[in-house]
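For the sequence shown, the positions run 1 to 175 when our numbering is used.
A few of these clues could be false.
[What the hints assert, rightly or not] Taking lysine to aspartate or glutamate pairs in the EDC-like style, the calculated list, with each CA pair at most 16 Å apart, reads:
1. 84 with 133
2. 84 with 132
3. 41 with 53
4. 41 with 93
5. 84 with 111
Note that these hints are calculated values from the structure, not bench results.
The structure presented is a predicted model; accordingly, all values stated were derived computationally and were not measured.
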Amino acid sequence: MHVLSLGSDHAFFVAEIPVRVNGIRMLAFVDTGAGITVASKALTPLLGITHMEASLIPAAVGMAGIPVKFVGRSVVFIQAANQKIDHTLHFTDSQCIPSGADSYNIMLGNDLLGRLPSWSMDYQKRLFHVGDDYVQTLPVQQKRGSLSSTQPSSRSVSQSRYCSSPVQKPLFRAQ
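Construct all of the structure, not just a fragment, from the sequences and the given hints.
The following block contains the structure:
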């Protein structure tokens, strides 16, 4: 993938922050466009989840309008910076969240973000401030090494076969 940006020689970053979910360290994407907090059900063994409750939301519209079916939900313990919250995490049947070692495992939606004390992003310092604490984010070029705005990468981008599924029920946009 080749990413270009105009008017800046600084590496950009995405809002990925380190968190702990049920005590397990992982990366979370701060997604202000998502109504709910989501992860793949493939994470349930790692998080110690052996039983999920039925999801009250059958599906949502994900990135690029791709329908995402929810298979269950469970209350988990999430820590972002010094903030600790018991929160409902919804699980997808498919792996619609990036699965690379340097990509996020969970999307923090507005249901969780709205429960945090005041938070903000400092783009110049690459910090996610929450309450009286903060965590560092990394620029994409530093995190992924091979991506740059001056040199094409050998990576290819294609649609994941795991993200598409036939729609069987009307979709509701989670907001």
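A quick look at each hint next to the structure:
About 12 Å separates the Cα atoms of residue 84 and residue 133, which keeps this hinted pair within 16 Å; it holds. Pair hint residue 84 plus residue 132 holds up; C-alpha atoms about 13 Å apart against a cutoff of 16 Å. About 12 Å separates the Cα atoms of residue 41 and residue 53, which keeps this hinted pair within 16 Å; it holds. A C-alpha spacing of about 6 Å is found between residue 41 and residue 93, which places the hinted pair at or below 16 Å, so the restraint holds.
About 15 Å separates the Cα atoms of residue 84 and residue 111, which keeps this hinted pair within 16 Å; it holds.
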